[in-house]
Amino acid sequence: MATFVLVPGYWLGGWAWEEVAAALRAGGHQVRAVTLTGIAERAAEATPEVDVDTHAADIVQVIEDGGLEEVVLVAHSGANMAAAGAAGRVPGRVARIVYVDSGPMPPGLAGLDFHAPDARAELRRQVAEEGGGWRLPVPPFDPSAEPHILAGLDAARLEEMRRRGTPQPFATVTQPLEGPLPDVPRTLVACTFTVEDVRRMAASGNPAFAMMEGPGWSYRELPTGHWPMFSRPAELAALLAEVAGPGAPLR
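Counting from 1, position 246 in the sequence shown corresponds to residue 246 in UniProt numbering; the numbering is continuous, with no gaps.
Wrong hints could be hidden among the right ones.
[Stated by the list, open to error] Label pairs and their calculated CB-CB ranges: (1) Gly-214 <-> Asp-65: 25 to 35 Å; (2) Gln-126 <-> Ala-95: 31 to 41 Å; (3) Glu-64 <-> Pro-117: 36 to 46 Å; (4) Gly-66 <-> Pro-147: 32 to 42 Å; (5) Pro-117 <-> Ala-203: 20 to 30 Å; (6) Gly-133 <-> Glu-19: 27 to 37 Å; (7) Glu-19 <-> Pro-223: 12 to 22 Å; (8) Asp-65 <-> Gly-205: 39 to 49 Å; (9) Ala-22 <-> Asp-118: 34 to 44 Å.
Just so you know, the hints here were simulated from the structure itself, not pulled from any lab data. Even glycine gets a Cβ: it sits at the ideal position worked out from N, Cα and C.
Working from the sequences, and respecting the hints, build out all of it.
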């Protein structure tokens with residue numbers, strides 16, 4: 001049986017993994033779902049100084065305090081940076097990083113750099129005008145505006161995400177990781193894009209997608225929206241249990 005540490009992306013706490021965690025535990029796996037500093041029940045800890053390093057330290061603390069070994073570290077979306085940073089701080093204890101609809105950023109680039117210039121400007125505007133200059137507000141989660149991203153989510157789930165979501169400390173979006181990424185096996189779970197998309201974007205020279213190719217990578221597709229822990233939790237849990245093994249190469 002595997003040991004999973006599940007890390008949610010922006011705005012959500014460990015509660016986002018409840019259904020996936022329950023399914024994994026029912027299969028006999030050990031599971032820790034992380035709530036990062038400044039989010040959800042830890043919202044009171046939010047400050048402008050909370051950044052990627054802070055969140056990486058949160059993950060490290062869960063691993064070290066739990067005495068966890070051979071960890072399958074699962075990072076959804078914007079947790080990609082903190083997960084990579086954490087894995088590098090506990091050498092030998094992370095067996096695999098699973099990036100759910102996400103992937104590592106090249107050293108020196110921040111999560112914000114993944115977005116197009118106009119999107120970066122819009123996020124900065126939201127932070128300045130609605131987030132007190134240091135928090136990224138919870139989005140409206142409007143399926144009419146983002147049908148592809150929010151595919152598979154019903155009205156009740158969308159309302160829960162709006163209600164339980166927490167503004168994200170913006171330094172977690174703007175701080176890059178420096179130095180080499182940890183040399184551990186990596187799995188991409190592609191939901192809103194395909195493995196073929198990864199190939200095409202990598203070939204075009206896109207630096208983020210180029211990081212998703214090469215030795216040490218395996219790939220799975222789970223077609224759904226960007227939030228598979230809500231839209232397809234049973235299937236995601238089964239896939240995570242399967243990729244806790246050696247994985248399959250890109251062909």
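To see whether the hints hold, each was checked on the structure:
1. Gly-214 <-> Asp-65: 25 to 35 Å: 33 Å, holds
2. Gln-126 <-> Ala-95: 31 to 41 Å: Hint holds: Cβ distance 37 Å, inside 31 to 41 Å.
3. Glu-64 <-> Pro-117: 36 to 46 Å: 39 Å, holds
4. Gly-66 <-> Pro-147: 32 to 42 Å: At 39 Å between Cβs, range holds.
5. Pro-117 <-> Ala-203: 20 to 30 Å: 22 Å, holds
6. Gly-133 <-> Glu-19: 27 to 37 Å: Given a distance of about 35 Å, which is inside 27 to 37 Å, the answer is holds.
7. Glu-19 <-> Pro-223: 12 to 22 Å: Because 18 Å falls inside the window, the suggested range holds.
8. Asp-65 <-> Gly-205: 39 to 49 Å: At roughly 42 Å between Cβ atoms, Gly-205 and Asp-65 fall inside 39 to 49 Å, so the hint holds.
9. Ala-22 <-> Asp-118: 34 to 44 Å: Cβ of Ala-22 to Cβ of Asp-118: about 40 Å, so the range 34 to 44 Å holds.
Against the hints set out earlier in the document, no violation occurs for any number.
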